[in-house]
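> Below are the chains, spelled out letter by letter.
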Amino acid sequence: MVGAACALYAARAGLDVIVVDRGPMAGGTTGAGEGNLLVSDKEPGPELELALLSGRLWADLAEEVGDAIEYERKGGLVVAAGPDGLEALEKFATGQRAAGVEAVRVDADRLRELEPRLAPGLAGGVLYPQDAQVMPTLAAARLVRASGARLVTGAAVTGVLRGGGGAVRGVRTGLGEIHAPYVVNAAGTWGGELAALAGVHLPVLPRRGFVLVTEPLPRMVRHKVYAADYVADVASDSAALQTSPVVEGTAAGPVLIGATRERVGFDRSLSLPALRALAAGATRLFPFLERVRAMRTYFGFRPYLPDHLPAIGPDPRVPGLFHACGHEGAGIGLSTGTGQLIAQMLAREAPALEPAPFRPDRFPAPGSPPDSEEAT
Amino acid sequence: MGEPGLAVIGAGPAGLAATLAAAARGVHVTLIDSGAQAGGQFYRQPAPGFRARRPQALHHQWRTWERLRDGLDTHVRAGRVRHLTDHHVWFVERRGAAGLTVHALVGPEQEEPAEVHADAVLLATGGHEKVLPFPGWTLPGVVTAGGAQAMLKGGLVLPGRTAVVAGTGPLLLPVATGLAAAGTTVAALVESADPAAFVRRSRALAGRPDKVAEGARYAGLLLRHRVRTLLGHTVVQAHGAERLEAVTIAALDRHGRVRPATRRRLVCEVLAVGHGMLPHTDLADALGCRIDGTDVYADDEQRTDVPGVWAAGETTGIGGSALSLAEGHIAGRSIAARLAGRVPDPGEWAAAARTREKLRAFFAAVDSVYAPPAHWAEQVTDETVVCRCEEVSSGAVREAVRELGAGDLRTVKLLTRAGMGWCQGRVCGPGVAGVAGCAQAAGRTPFARPVPLGVLARAGETREPQAGESGEPQAGAERAAQERHQ
Ligand SMILES: Cc1cc2nc3c(=O)[nH]c(=O)nc-3n(C[C@H](O)[C@H](O)[C@H](O)COP(=O)(O)OP(=O)(O)OC[C@H]3O[C@@H](n4cnc5c(N)ncnc54)[C@H](O)[C@@H]3O)c2cc1C
Ligand SMILES: Cc1cc2nc3c(=O)[nH]c(=O)nc-3n(C[C@H](O)[C@H](O)[C@H](O)COP(=O)(O)OP(=O)(O)OC[C@H]3O[C@@H](n4cnc5c(N)ncnc54)[C@H](O)[C@@H]3O)c2cc1C
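In order, the protein sequence lines correspond to chains A and B. Each residue of the first sequence is one higher than the last, beginning at 1 in our numbering. Each residue of the second sequence is one higher than the last, beginning at 1 in our numbering.
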């Protein structure tokens, strides 16, 4: 997804773009996740700013290709079970409002007006009208197409070509060399490997997530609904399984329930504890789901960096190399803003946001004392 | 629940043979099947209460079946085997040193959970039919070959009096003769296999005199019922307004393309169509078992690469009931030895191993002869629906490949929703792959049956949680239970 957005904005900035992928379109994490474009789960800071910028860009794109990418601005509803949770949620929302987020307090008695099938007895919640969604695979495919970029699939990058002064001159792939003065590393969870091909350190790690998909139903869940502990999970550094699933209906009928967050490397076996936790969380929010059937589950590996911020921008260690990876559980949402920042930096224009927090060289190289967060 | 031992999933020839072999050697076996009775696909039983007149007229190898059934009854009466019918397994869970748990659904709506704990599990879930799309294939009156056979064996009435049997594979023979014997007029048996291929592989096919005799017997039956067999032919379209009224068939050239000016129409009310079988792999896949192409991998002892999990019968590759019996027998003996802490001596099952080897070679030859026309997908018009659940047309699949860069089945599915419906791609997977021109991978459908979220949320609750047993802290569920926000 991130590569597709980079291609689109770079092409619009006048560059000649080639998109290279070892797999098919969206064959990485993009085809294995959900397409929530959330501001609700982000605390004030650089990630929220990037999310707000991205949200505006998504809305613009929706004007062009909205239906084709299944863009829908349905809003998020974050609920709290008890008064303590509600108080904390309200405090969180206050901070977000100051940063430009629309956040509407919803009292207990109004919750079921918004979501008639919600469990009774919840303390209240906050409605986030800016939360939206796209269908990630369609979005990636349509953005690449809209960019007019040349798409080369089935071509694994096996080396980064360097010229005089160490500057990038292109990439070597299984299908031959591709020459270009700029290379953007948008390899997601495998971004660290690609960086290593250019001889630089970027510690992108996988964080597994499962999603449950139910049988198709008439629309019974109107918003993206989740319990407030989600917000704590996103910024958490614990390796334990953490769940408070986002529950939402889709245009096609199935309800999506996701996602878990676990650090188990690239383990591809199905985890019943993870799925059980998703089902338990969803049925607690929406008791009617008890009898609704899960048809399947899927999983992917989010790309995360130790400080939970993506790497976006030029790599001062290798002239011509740019990074756009490590977006963890928000790479769909943050892709448009990332693409625009990359395009602006490629075109040497002023970036729309302060890019310093996303500097790709902010992690100490191996050999220096181990980062305490990495050691978890 | 029951005491641990062996859980066999699937009561077809493979599962039955394994159950008898293991139970005879002192293993406690729980035999689990979604059907109301044992037998699987081959020995599919007429429902009790239905007075089948001479079911053996439809079931040859009846004696083998009687032996298996009587053996099962004896073990069940002696308490060595527990037979759980109407149990739909949705997931098999690995619990490390604690063994395995088979999670099933029971009850009229398949909404109640049932769990079986075991030290070893045998996957003997057989296969399902493969059907490729063609214009008109969604009309009422078009049924699968296996479906037609099941209706016959189950004592149901076929929806019409004139039938065409079409597609490819050895299954079409018993289906055509079975329909004819039951009084249906079979207008033609349309087989796409190239007659020249039979000649080329005649040596390999003749390696099994009993099978050739079986073939000759079918040929005799076809003749007796005056069923016309058209080799090297295919159905290119099914016609009808509300329901099936006729089909157009055509001859194929050497390269598997429809030969011009050979089309003709056959009037019929039923089209029984099949293009071979595919193994059920979902339980194995969710367990993390290795899958080679479309088949679950098993070693010489029928062990998968996951400790404690064996696989036998058509789930490891399509090869008919005799092969399933041999593999099941070997699996049962291997499991009995391994559960007793013994390394089995393959000499114990030398005869079964020889049968297995011969039949595998035979079916490899069969596979090379019976094949859908190489260019079948060319006959599928853009308007033809390829995924019925989600109503995805062939044109939409082609667009995803041509315009949007989809290069594999998963991406085609994500871009078009083909294979996302109730069948989860089990039915339409091969058709979609063919139209898209990409490899047909074993379907990733982690739940072998759709499972109510309420059941999933409480799965495994009957056991004592054990610390670290699956590498993931139990804390997840509990943590999600308490709402926290920092
Ligand atoms: C279960 C789950 C749910 C999620 N839900 C959401 C959500 O609701 N909202 C949201 O915003 N985000 C969500 N995410 C996160 C999101 O999916 C990712 O952040 C995003 O897809 C990352 O996009 P990407 O383009 O960086 O990576 P990818 O989509 O993985 O793309 C990287 C590409 O690089 C290619 N590649 C790698 N190495 C090479 C090489 N050497 N040569 C050539 N090509 C190479 C890969 O084939 C791949 O196609 C979720 C993730 C998961 C797992
Ligand atoms: C129409 C037709 C005609 C045939 N004619 C012949 C013939 O003439 N000669 C010949 O040799 N072979 C024939 N066969 C093939 C023969 O039926 C198979 O080779 C044989 O039945 C395979 O045995 P098996 O034990 O591997 O699997 P099966 O017999 O398919 O048994 C598998 C069992 O597993 C159960 N099961 C699967 N999944 C689950 C689950 N998730 N939960 C619970 N239970 C489950 C199924 O209900 C089934 O009972 C025919 C098959 C068909 C369909």
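Heads up, some of the hints might be wrong.
[Claimed, not checked] The following label-pair restraints were derived from C-beta to C-beta distances:
#1 B:Leu231 / A:Arg169: 56 to 62 angstroms
#2 A:Arg12 / B:Ala439: 55 to 61 angstroms
#3 B:Ala439 / A:Gly265: 25 to 31 angstroms
#4 B:Arg259 / A:Arg56: 56 to 62 angstroms
Everything labelled a hint here was simulated from the structure, so no lab data went into it. All values derive from a computational prediction rather than experimental measurement. Ideal Cβ positions, reconstructed from N, Cα and C, are used throughout, including at glycine.
> Please write out, lowest number first, the hints stated earlier that are contradicted by the structure.
2
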